[in-house]
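Just so you know, the protein sequences line up as chains A and B, in that order.
Mapping of the first sequence onto numbering that gives the first Met the number 0: residues 0 to 990, in sequence order.
Mapping of the second sequence onto numbering that gives the first Met the number 0: residues 0 to 409, in sequence order.
Hints in this document: simulated from the structure, not taken from any laboratory.
Mixed in with the good hints, there may be bad ones.
[As the list claims (entries may be wrong)] The calculated lysine-lysine pairs, modelled on PhoX-like cross-linking and capped at a C-alpha distance of 25 Å, are:
(1) A:K346 <-> A:K376
(2) B:K232 <-> B:K222
(3) B:K287 <-> A:K783
(4) A:K425 <-> B:K176
(5) A:K338 <-> B:K20
(6) A:K425 <-> B:K373
(7) B:K222 <-> B:K373
(8) A:K547 <-> A:K346
(9) A:K624 <-> A:K714
(10) B:K409 <-> B:K287
(11) A:K101 <-> A:K290
(12) A:K909 <-> A:K805
(13) A:K425 <-> B:K177
(14) A:K26 <-> A:K97
(15) B:K232 <-> B:K177
(16) A:K624 <-> A:K376
(17) A:K425 <-> B:K20
(18) A:K624 <-> A:K547
(19) A:K472 <-> A:K101
(20) B:K131 <-> B:K207
(21) A:K338 <-> B:K17
(22) B:K111 <-> B:K213
(23) B:K20 <-> B:K232
(24) B:K176 <-> A:K338
(25) B:K207 <-> B:K176
(26) A:K346 <-> B:K373
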Amino acid sequence: MKRILLAFAALLASVAVFGQAYTGGVKGEVVNRNGRVAVEGARLTLYQGATELATVVTDAEGNFLIPDLADGMYTLVIDAPDFLETQVQVTVNDGYVKNMFKLSITPTDRVTDVDADSFSEFDMDDSGYNDNPTILFGSNDVFNNIAGYNFSAVRFRARGYASEAQDVYLAGVKLNDAVTGYGPFSLWSGLNEAMRSKETVNGAEVSDFGIGGYNGLTNVFGTASNVRTGLRGSVMTNSALYRLRLMASYATGVMDNGWAFAANVSARLGGNDWIDGVYYRSFAYYLAADKIINREHKLGFVFFATPGQRGAQMASTQEVYDLMGDNMYNANWGYQNGKVRNARVRKTNEPIALLKYDYTPSDEFSASATALFRFGKNGYTALDWFNAQDPRPDYYRNLPSYFYNPDEDYKRLNREKAAEAYMAWKGQDADIVHMNWDRIYQVNQLSEGGRAKYVLQERRTDQRDFNLAGSFKWRPATDLLVNGGASVRINRTEYYQVLDDLLGGTYFVDTDNFAERDFASEPWKYQNDLDYWMNNGQASRILKEGDKYGYDFYAHVQNYNLWASGRYSLGNLSATLAGRIGYNTFWREGLTRKGLFPGQPENAAMAARWNEIGIEPTQESSYGKSDVASYLTYAGKLNVNYVIGGHMRVYANAGYFNDAPHFNQAFLSLRTRNTMVQDLESVKTFSSDLNWQYASPGINIRATGYYTTIMDQSKVMSAYDDLQNAFSNYALSGIDERHYGIELGFKVPTYLVPGLSVQGVLALGRAEYTSTPTMTQTLDNSAKPVSYNGQTVIPVRYWKESPVYKKDALGNYTSRLDHMQQHYVPSTPQVAASIGLSWNYNYWFVDADLEYFDEAYLDMNPLYRTGYAAAGPDGKIYANAEEELTAAGRDTETVRISTNEVEAMATQEKFDPCFLLNLSIGKSFYIQRKYQLGFSFNAKNLLNNTNVKTGGYEQTRMVDNTASKSRYYRFDAKYFYMAGMNYMLNIYFRF
Amino acid sequence: MKKVFFTLATLVALVSCKELKEEWQPVVTFSYDEARFVPVNMDDEVNTTIAELKALYTNHGTPVVIDTDRTIKGQVVSSDEDGNVYREIYIQDATGGICLKLGRSSSYDDYKIGQVLYVRCEDLCIGEYGYKTGNYGGCGQLQLGLLGDGWQPYLDGETTVQPEYETAYIDLMPIVKKHIFRGEILPESERIATASPAGSALSSADFKDGITNKEVGQLTLLKNVRIGNLDNKYEVFALFYPDPNLDHTKNESWNRIFMSDITAAIGNPAQYPYGITTWALTKTRTEKHIENGDWDDVTMGDDGQDENGNKSLATRYVDPAKFGYEGLYKDVFLAHSSAQSVSHYCTYDGAIVQVRTSGYARFADTELPEGFLKGTMQLDMLGIMSRYQGSAQFILLDAYKAGTTDSVLK
């Protein structure tokens, strides 16, 4: 293909300069500035003065050659669909072919700063709910280009995969969080210029940086010489997230002395139009230097961080949103002496330092190695209280529904109180509908001796993350390319709490609130730090802010990986085979001894002391090192690629992955003890996709079909359990999923108006649960797992599907099964479509897109899907309920056991479909061919649809003690909504 | 210059916008001012004493919704800090005390002992809790709260089923704000003195049947209390519903267990009924008793047996479908175990007093002092005198070795 194109280019050039014979010329590679990937089909026109001399088109790898040029000065104009026209001056000397190397051109699409920055900080309140969307980069893929920007507002996840399945590398180092697997984008939020250059592969494709997983791989280059040369600045305001962003960058490019320097700073400040209490006070800085020592050796050093804080949004129930008349209501904030204060604030300062070495001894072989260290702090504030009322304004006991429900079975009969609550909320009494900081301070001030009843805690997860990764690229023959590498990761993350604010109190005592209630006469049991209590005769009094209290433990995670891939080309056919093998290990190390789980005494003296006090050793321990979980992991991938003609290719990927579970899903109750989830399995994934792609000037189409199965996942979530009156942890094992569907992305010219294209995407998929997992519930203040009907490991029988029963003519449920309703992977639309027009002309761009989203589902909690919950306290299960009752001689009319119980408890909620309309407009101005000034304006959700649910979760608690005593009811679910009509205006300049 | 002025004016206009100004507050505010508590004084508004208020309640079973402008003033005399007064506070003036059904947990954070409270009573309700007719019955105690759940439909004739409780918790903050106002916290010297009624007052006819009896609802110090009933025998009372989610009044007769026993004469703590030697039973203590088999012989239900003829907790039930698994009744008890209240019968100045303690009290698991159990030690008990079915029921706030201030609860 390359040869054909080059020959074609040469032919065109030779025709253009027919009759002349010079040895000089121009050659190079045209690349996209976003991602620096090759641009195929770019048209290069060479002028001398006003005379057009030649026109060539780049090949599939972006290469071009214009031969037979006489010495002299030329102007080369590069034009490509979807890119800004670019002009460069070329001088041909001494009859040589001038190598321009990489000529980067800028996409004309909107400023698609889709990164972690683009999503508000959601407060999940220990729900276990994970709301991280997949971040798609659209640099060289028509689907991602459109979906990455347009679908971000609904938190779209490509193919329904969890975001942690997307591998994200920085300078060749895989940087997904060691403990959770989450994408690391927030580490460089606000450093858009520095981190702009990146390379992305989709799905199960193989990358040069690692074999990747099944949800794509993105490598952010991140080093100085990859930052766009020159001085750039931008001022951005938007109405959905933060009011103001100021950003500046400067990069020297590679200078004659071999050095390249780059810097990027930014500030993101203010609130927004939609979510009160959410604000940014975030800064970012980036400093980098590269030194090209010689052709073989290159060193790069990078240091960056994004210190700052941002207020979080809390999900609420629909009742609360309706009372407030606002689906963007945020319960996290309130007035303190008249000033807005948010209780949930993410505070981060996690610097990253990396050193990268590139070795290029020949054109056939190159290698690189990167050492990267992440450190600093990552905190999250939250209110903590001891023997005090729940201060959250939307606590369920503050709402009308707690007092009155027309269904008498709820035993909520007080209409008067419900009316009072309703009036208070509708009246928007600030003391009622927002966090009442003034009361909190007054309680602390009036507390005897100044003991704080409320404090602001900061939950810290401070990482010390060391990574070493090396890779090589070797082309032993023209048709064979071999990549390989190795990586080591040693991570120690400390989980602990510190006192952030005493809120007017004088001190706070380090004890376990729940345990103190249950074991008041055994004071050692409610000590968070038993050793301190024994040594000092009392619990620690946290006197100043910044002091540790509560829990404190290390997560140790170590990964070792080797990988290799080989690509063999035979004519239009190429095949890549890749494999990875690794050893992953992790363990917990408790740094404080919790009174409830002291473990075994370490020596005879300790044993004697415990015996003296009455402390009973426990099998489970909060202190010291847990068992070590070790996993041999492996993965294999096969890619086959076939090029048809000049513009079309068909390729297929298949992969099998055996991955270790993440640390945060491996322990029953991380904050209290070392006990692991039983029978924790590695996660097995099989993934395959088949793709068809067509790319020619102005036309870009990709169609993909995919099929993936994921087996043996585990998950731990936490919540307060009203039935047990304690903080509970639900460990779920054996979650299997199946994902399949099609993706289509296209952009084609209309041929009616110059520069006007039709573009669209369609994601039509199914991501569904396919197994019946098991659940183990533990309480933070008990060693015994919770028993349901005598069992502690119970099947979550309605996890993958739940029964739907037939109704009679009057609409009443019968006991005849109609069908089983499938349950789906939540929090992303499984049907997403966009159709729009894109017009690019003379540095203007205008995009208008209409989008449709459907088949999005609410995250499920496992408790509602147990037979126990669905059956109700009478223990009757759903099947053949009527027959059972009759056999038992019971009155089927009066005993409230009916098939609708299981439906009401186990059904998964589906969100309503929605339409959205977006508009983008922008213009660049070139001033003296030297400076560029431009703007982009994006208006999203022009239909001002404020009823679009983007996610949420079910509360893991049930309404019990009903009048009939035959069934439980759900608590209302909590939701997040998308902002209504919002805009972003970015004004930028480049020198 | 004009441009500069215009720009500045625009900026000023922007930051003057309330919403825009507010969104920048957390961005630029590095410390917050603290709001201080400011007590109110509504003495001019007070027009009713607590005794006058209680006197409005005249007929058992008929809660009284106050429909006139009445404001009372009282001092807080109880605290729920130790967990033995649950979601209620007692306020008292010179004429008597009353239970205020506040309904909010940890109310001692907001309402301090010795703090003056003003209560605007209009639209609140006075009702009675614990009344029972007949020879073995008597008055309960009066409570100030909202009209009980379901009463309005009953009074409106929408239903003929009389609701169980005459008053409901005020609990909802908007209603609390409308009715209850916090005044100053009085120094010790200005606080209401504890009452120490004679034993005869607690066994009098007025105590049993007088709705507005003054002793009820007051902060009281009972001196020289001894364990045991008037016959000098150990006596205890507790009522359990092993599975709180199952019926206990109709179909599931087994699901109600009275631990009401009178055993040997005072002297040997080992003979204390059911092995209960703590003030009450936390969940942990309850489980220990069940696991130790202390209650295996306890009979179930009103008639001492379930529908299958089983009589005690240690028997195996024959209907596994009932619970989804097979086992002993005590397994059901254990599966749903929770904290349990206990009443110890004590004698004060010749009168019998039930000292009732919640299983959620912080001293629930504290052992009764050995000397007290043996009958060789007496205690001074500080608490609220309440009444249930005509009998004195004492809500313990603290207890001391008689004649001292040495607490046996802390």
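Here is what the structure says about each hint:
1. A:K346 <-> A:K376: Satisfied, since the Cα-Cα distance of roughly 8 Å is no more than 25 Å.
2. B:K232 <-> B:K222: Holds, at roughly 20 Å.
3. B:K287 <-> A:K783: It holds: about 14 Å lies between the C-alpha atoms, which stays within 25 Å.
4. A:K425 <-> B:K176: Since the Cα atoms of A:K425 and B:K176 sit roughly 16 Å apart, the hinted pair holds (cutoff 25 Å).
5. A:K338 <-> B:K20: 10 Å, holds
6. A:K425 <-> B:K373: 61 Å, violated
7. B:K222 <-> B:K373: Since the Cα atoms of B:K222 and B:K373 sit roughly 18 Å apart, the hinted pair holds (cutoff 25 Å).
8. A:K547 <-> A:K346: The given pair, whose Cα atoms are some 16 Å apart, holds under the 25 Å limit.
9. A:K624 <-> A:K714: 22 Å, holds
10. B:K409 <-> B:K287: OK: B:K409 and B:K287 at ~22 Å, within 25 Å.
11. A:K101 <-> A:K290: 19 Å, holds
12. A:K909 <-> A:K805: 20 Å, holds
13. A:K425 <-> B:K177: 16 Å, holds
14. A:K26 <-> A:K97: Roughly 6 Å between the alpha carbons, so the hint for A:K26 and A:K97 holds.
15. B:K232 <-> B:K177: 49 Å, violated
16. A:K624 <-> A:K376: 23 Å, holds
17. A:K425 <-> B:K20: Holds - the C-alpha atoms of B:K20 and A:K425 are around 24 Å apart, at most 25 Å.
18. A:K624 <-> A:K547: 20 Å, holds
19. A:K472 <-> A:K101: Between A:K472 and A:K101 the Cα gap is close to 19 Å, so the pair holds against 25 Å.
20. B:K131 <-> B:K207: The hint holds at about 11 Å.
21. A:K338 <-> B:K17: 11 Å, holds
22. B:K111 <-> B:K213: 23 Å, holds
23. B:K20 <-> B:K232: 72 Å, violated
24. B:K176 <-> A:K338: Distance ~22 Å between B:K176 and A:K338 Cα, so the pair holds.
25. B:K207 <-> B:K176: 35 Å, violated
26. A:K346 <-> B:K373: 60 Å, violated
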